[in-house]
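Asks: The chain contents come next:
2 protein chains.
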Amino acid sequence: MVVSEEQPPAVEGDAAASKKAAKKAAKAAEKQQKKAEHKAASGQVQQEASEPDVSEGRYGQLKLIQSSGEHRDRVYTDVKDLTVKLNGQSVWVRARLQTSRAKGKQCFAVLRQSSSTVQLLVSVSEERAVSKQMVKFTGNITKESIIDVYATVVKTATPIESCTVRDVELVAAQLWLVSPARAQLPLQIEDAARPEKSDDPEALKIRVNQDTRLDNRVLDLRTPANQAIFRLEAGVCKLFRDLLTQRGFVEIHTPKIISAASEGGANVFTVSYFKSSAYLAQSPQLYKQMAIAADFDKVFTVGAVFRAEDSNTHRHLTEFVGLDLEMSFKHHYHEVLYTIAGTLTDMFRGLRDQFAAEIATVGQQYRVEPFKFLDPPLRLEFPQAIQMLKEAGVTVGEEDDLSTPDEKLLGRLVRAKYDTDFYILDKYPLAVRPFYTMPDPNNPKVSNSYDMFMRGEEILSGAQRIHDPDFLTERAKHHGIDISKIAAYIESFRLGCPPHAGGGIGMERVVMLYLGLDNIRKTSMFPRDPKRVTP
Amino acid sequence: MVVSEEQPPAVEGDAAASKKAAKKAAKAAEKQQKKAEHKAASGQVQQEASEPDVSEGRYGQLKLIQSSGEHRDRVYTDVKDLTVKLNGQSVWVRARLQTSRAKGKQCFAVLRQSSSTVQLLVSVSEERAVSKQMVKFTGNITKESIIDVYATVVKTATPIESCTVRDVELVAAQLWLVSPARAQLPLQIEDAARPEKSDDPEALKIRVNQDTRLDNRVLDLRTPANQAIFRLEAGVCKLFRDLLTQRGFVEIHTPKIISAASEGGANVFTVSYFKSSAYLAQSPQLYKQMAIAADFDKVFTVGAVFRAEDSNTHRHLTEFVGLDLEMSFKHHYHEVLYTIAGTLTDMFRGLRDQFAAEIATVGQQYRVEPFKFLDPPLRLEFPQAIQMLKEAGVTVGEEDDLSTPDEKLLGRLVRAKYDTDFYILDKYPLAVRPFYTMPDPNNPKVSNSYDMFMRGEEILSGAQRIHDPDFLTERAKHHGIDISKIAAYIESFRLGCPPHAGGGIGMERVVMLYLGLDNIRKTSMFPRDPKRVTP
Numbered sequence: 000m001v002v003s004e005e006q007p008p009a010v011e012g013d014a015a016a017s018k019k020a021a022k023k024a025a026k027a028a029e030k031q032q033k034k035a036e037h038k039a040a041s042g043q044v045q046q047e048a049s050e051p052d053v054s055e056g057r058y059g060q061l062k063l064i065q066s067s068g069e070h071r072d073r074v075y076t077d078v079k080d081l082t083v084k085l086n087g088q089s090v091w092v093r094a095r096l097q098t099s100r101a102k103g104k105q106c107f108a109v110l111r112q113s114s115s116t117v118q119l120l121v122s123v124s125e126e127r128a129v130s131k132q133m134v135k136f137t138g139n140i141t142k143e144s145i146i147d148v149y150a151t152v153v154k155t156a157t158p159i160e161s162c163t164v165r166d167v168e169l170v171a172a173q174l175w176l177v178s179p180a181r182a183q184l185p186l187q188i189e190d191a192a193r194p195e196k197s198d199d200p201e202a203l204k205i206r207v208n209q210d211t212r213l214d215n216r217v218l219d220l221r222t223p224a225n226q227a228i229f230r231l232e233a234g235v236c237k238l239f240r241d242l243l244t245q246r247g248f249v250e251i252h253t254p255k256i257i258s259a260a261s262e263g264g265a266n267v268f269t270v271s272y273f274k275s276s277a278y279l280a281q282s283p284q285l286y287k288q289m290a291i292a293a294d295f296d297k298v299f300t301v302g303a304v305f306r307a308e309d310s311n312t313h314r315h316l317t318e319f320v321g322l323d324l325e326m327s328f329k330h331h332y333h334e335v336l337y338t339i340a341g342t343l344t345d346m347f348r349g350l351r352d353q354f355a356a357e358i359a360t361v362g363q364q365y366r367v368e369p370f371k372f373l374d375p376p377l378r379l380e381f382p383q384a385i386q387m388l389k390e391a392g393v394t395v396g397e398e399d400d401l402s403t404p405d406e407k408l409l410g411r412l413v414r415a416k417y418d419t420d421f422y423i424l425d426k427y428p429l430a431v432r433p434f435y436t437m438p439d440p441n442n443p444k445v446s447n448s449y450d451m452f453m454r455g456e457e458i459l460s461g462a463q464r465i466h467d468p469d470f471l472t473e474r475a476k477h478h479g480i481d482i483s484k485i486a487a488y489i490e491s492f493r494l495g496c497p498p499h500a501g502g503g504i505g506m507e508r509v510v511m512l513y514l515g516l517d518n519i520r521k522t523s524m525f526p527r528d529p530k531r532v533t534p
Numbered sequence: 000m001v002v003s004e005e006q007p008p009a010v011e012g013d014a015a016a017s018k019k020a021a022k023k024a025a026k027a028a029e030k031q032q033k034k035a036e037h038k039a040a041s042g043q044v045q046q047e048a049s050e051p052d053v054s055e056g057r058y059g060q061l062k063l064i065q066s067s068g069e070h071r072d073r074v075y076t077d078v079k080d081l082t083v084k085l086n087g088q089s090v091w092v093r094a095r096l097q098t099s100r101a102k103g104k105q106c107f108a109v110l111r112q113s114s115s116t117v118q119l120l121v122s123v124s125e126e127r128a129v130s131k132q133m134v135k136f137t138g139n140i141t142k143e144s145i146i147d148v149y150a151t152v153v154k155t156a157t158p159i160e161s162c163t164v165r166d167v168e169l170v171a172a173q174l175w176l177v178s179p180a181r182a183q184l185p186l187q188i189e190d191a192a193r194p195e196k197s198d199d200p201e202a203l204k205i206r207v208n209q210d211t212r213l214d215n216r217v218l219d220l221r222t223p224a225n226q227a228i229f230r231l232e233a234g235v236c237k238l239f240r241d242l243l244t245q246r247g248f249v250e251i252h253t254p255k256i257i258s259a260a261s262e263g264g265a266n267v268f269t270v271s272y273f274k275s276s277a278y279l280a281q282s283p284q285l286y287k288q289m290a291i292a293a294d295f296d297k298v299f300t301v302g303a304v305f306r307a308e309d310s311n312t313h314r315h316l317t318e319f320v321g322l323d324l325e326m327s328f329k330h331h332y333h334e335v336l337y338t339i340a341g342t343l344t345d346m347f348r349g350l351r352d353q354f355a356a357e358i359a360t361v362g363q364q365y366r367v368e369p370f371k372f373l374d375p376p377l378r379l380e381f382p383q384a385i386q387m388l389k390e391a392g393v394t395v396g397e398e399d400d401l402s403t404p405d406e407k408l409l410g411r412l413v414r415a416k417y418d419t420d421f422y423i424l425d426k427y428p429l430a431v432r433p434f435y436t437m438p439d440p441n442n443p444k445v446s447n448s449y450d451m452f453m454r455g456e457e458i459l460s461g462a463q464r465i466h467d468p469d470f471l472t473e474r475a476k477h478h479g480i481d482i483s484k485i486a487a488y489i490e491s492f493r494l495g496c497p498p499h500a501g502g503g504i505g506m507e508r509v510v511m512l513y514l515g516l517d518n519i520r521k522t523s524m525f526p527r528d529p530k531r532v533t534p
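Chains as they are written, first to last, in numbering that gives the first Met the number 0: chain B, 0 to 534; chain H, 0 to 534.
Just so you know, nobody snuck in bad clues.
Below, computed lysine-lysine pairings styled on DSS-like, alpha-carbon distance capped at 30 Å: (1) H:Lys142 x B:Lys476; (2) B:Lys79 x H:Lys237; (3) B:Lys426 x B:Lys329; (4) B:Lys237 x B:Lys371; (5) B:Lys484 x B:Lys444; (6) H:Lys329 x B:Lys79; (7) H:Lys142 x B:Lys484; (8) B:Lys135 x H:Lys329; (9) H:Lys426 x H:Lys484; (10) H:Lys62 x B:Lys476; (11) B:Lys426 x H:Lys62; (12) H:Lys274 x B:Lys530; (13) B:Lys530 x B:Lys407; (14) B:Lys274 x H:Lys274; (15) B:Lys329 x H:Lys135; (16) B:Lys416 x B:Lys444; (17) B:Lys154 x H:Lys329; (18) H:Lys329 x B:Lys84; (19) H:Lys484 x B:Lys274; (20) H:Lys484 x B:Lys142; (21) B:Lys389 x B:Lys444; (22) B:Lys484 x H:Lys62; (23) B:Lys237 x H:Lys329; (24) H:Lys237 x B:Lys237; (25) B:Lys530 x H:Lys484; (26) B:Lys416 x B:Lys371; (27) H:Lys79 x B:Lys237; (28) B:Lys484 x H:Lys530; (29) H:Lys274 x B:Lys484.
Hints listed in this document are in silico derivations from the structure and should not be mistaken for laboratory results.
Note that the structure is a prediction, hence the values are computed from the model and not measured.
Build out the structure end to end from the sequences listed, making use of the hints.
Replies: Right, here's the structure in full:
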């Protein structure tokens, strides 16, 4: 394809025009490319008289990749693998054009693949058959477009500080537009990636707000921090599952569509189910307990849970990923409590060791303290927490739950006293826990239940469950629950069930708090809240 | 606790009576146990004059395990670990009483833990201080109750063929009821576990039908086959994720609540969403593609998908677990096709090697042929399939989809000709595929799409997707899709997107067909169909 002043590149302009131009360009490019390949093969690269362009057939818009079989054997190199070892060699690279700056006979560009970047130079050269037109074409490619370049790897005289690949750059011999991005992007990656605590006062003005990010999530997700966050999030799930599998747990899958609200009637979404209606599960609670009654002994499940809470806070989503587990024990629920806490501690260690690069990348945008934890983890009992808060001037009743500000304050007090961002708070008042929570054997106002905290925010709630059907029925009635609606659940315990305990973890919260981020929407790829169900 | 003729054990009788009796029993047992422990400790075990019972304090109903701290340090042995190495040693075992048969001074019982069973003998003995009353108590315990036994491991003279532990049995010295099962069970485990193709004509009469099983799923899940099926199912998910992670894929989570039906309007569940309404995702399709446009390169996701199809067949569920993946490629979608097929082949190999015991256990109830596969896997093109069917006397138009009977016949033909239960059928007619499917570059009636089959049934559907926004818009309109409802999806491709392909797998189908089972409800722990949303 030949780009002239009269005909701007296909990637600019409005959609309809761009489509036409793209088709035309694709056809032209295909023709040129075939011609060029033929010529190259026969060693007869010649300039055409009408429009002398030494780069003909070496650049342009590639036709739509439709798996025709062309270029099937071409080998590509990843940006992160470009090192001085390849100095002088020619490679094919497919990457996004992050930025470009054409000036006379040269165009400097930055290519990006996920979080890796490298400098590309397209420079008029007889030797490499790079024409003025080809340089201009490169300069006109819209940011975020995907291109193929055939280039020589060249060791740089001084390190390129603005790229992740610093010791080499690419010097182009061919350049093809694979997939153009629109000219007017709804946000700029460099703005979305700008450090939050930059000293530059200008940076504040061009900050991209949360809604703009989420409305244009595909672009927003391309920032280095987001690339790292969601890779670490995959690591959280992998570590959770692997660590539990090593401990003898079995993965199960529990239904999301249920006939009765699992935890009382509040905050539940209703689904039209053929001629009737059903609900979306607020947790896998009843089902993982039924799996215990069904002899699976130790189970975990990772899946969507739904909360119809109209809470527009930094830490609530209407749909999130639950990391849930349940485990039978022999005589004391601390067998389970320490299994969970040990799993989390091993997970924190795994994240620290296996995702150091991702944590560092996130740290470049959001400056946070490393996550601190103790091994074995710290366990406090509820009265100790009340006492610590009292000493700090906050009064909490012994049968009250902690408010969010109380929890945060307590997190700071624990951090100051014990130097840990993770701890267990055990023995909650019975009154503030769900009906299936086992009371303490010695104090009817206390329960065998616990929360776990990261940086002062709750990430897990758990307890020993009541495995005696009559006692469970009594407690459910006490909570005003319609027994007929949980009949199958209660029936499970009439079939013989071992004592058991477990917990439910909010995955997005773990990622948010491990990284010290300020909003759970940063750790949900396509977050859902009362106001957002799109994209 | 002392059991007399006048007072039947607490585990029988109706619920209210049982509760009272249980409480009484628990208190009595506690008292007795404490006394016994005290006596044992002080070496003063004596018979009481009123009711001489040498086993006092050595059996009875244990009080509700509420984590009091008692017996915390007691070490338990797993049934599967009972071997001749432990001959002569005393161990604590917690297990279900599967069956018991008391006769005079002896009671033979079978204890079960998941799929492992061992014989227990409770026999009147002065030496072990086992009384007639204790034997009787054991004989009266209801099937499926959970008990603790303290027993000596004894090598058997001849192998016990009816148990999985054959070389040793347990001889009881203490026996405590931990959690009683109701006397009238809705189904018997031995009936639910009966081999399907038994030669015994009696077996047919006492078969447990599917609905009875599912209505009482907690009991049904305790059969050895079900214990094995769901452990293998966990293996399917683990292998899928691990094999893809090794290949550089990143796990993502996609929303289940969406604002517009992802694949056209049919068969979608509606959710009340605060003051508005939303839908349940029929697949993660649009989101995994958006993750590709967002530079995640290769992604997978495991999660619930929902289909509001009123199909009451052996292979349809309204909610199932999708194993989905999507991957960018350079020039040909076969890069992806062979990545998926290779992952599945490695998964089959992993199941065969790591789950041999589970496969054998399932085989004892449902006799099936081992699953056959080739490496590299077999790929056929649609016209080849048409030709094979034609030779077998079945005519299929070149632009038609295959019917389920056609697929099954084709599966048999492929098995006969190529000796494989797994194959890929490539190059489906464009007309029968979704709007986002990339057409073949050389034949507008054909598409770059494929299904994969196990034992003649489809388990995966996939394709190269259209990554050009204008072409995609054109195809969506052709399919009558309201463009405004998928605006965010189409917009993704205006931001530059690499060519990509992927596929979606039904997890329960993979397990069903790998094991050669006849109904998908056998591989969903709590299945959902148009008629079932409970338990």
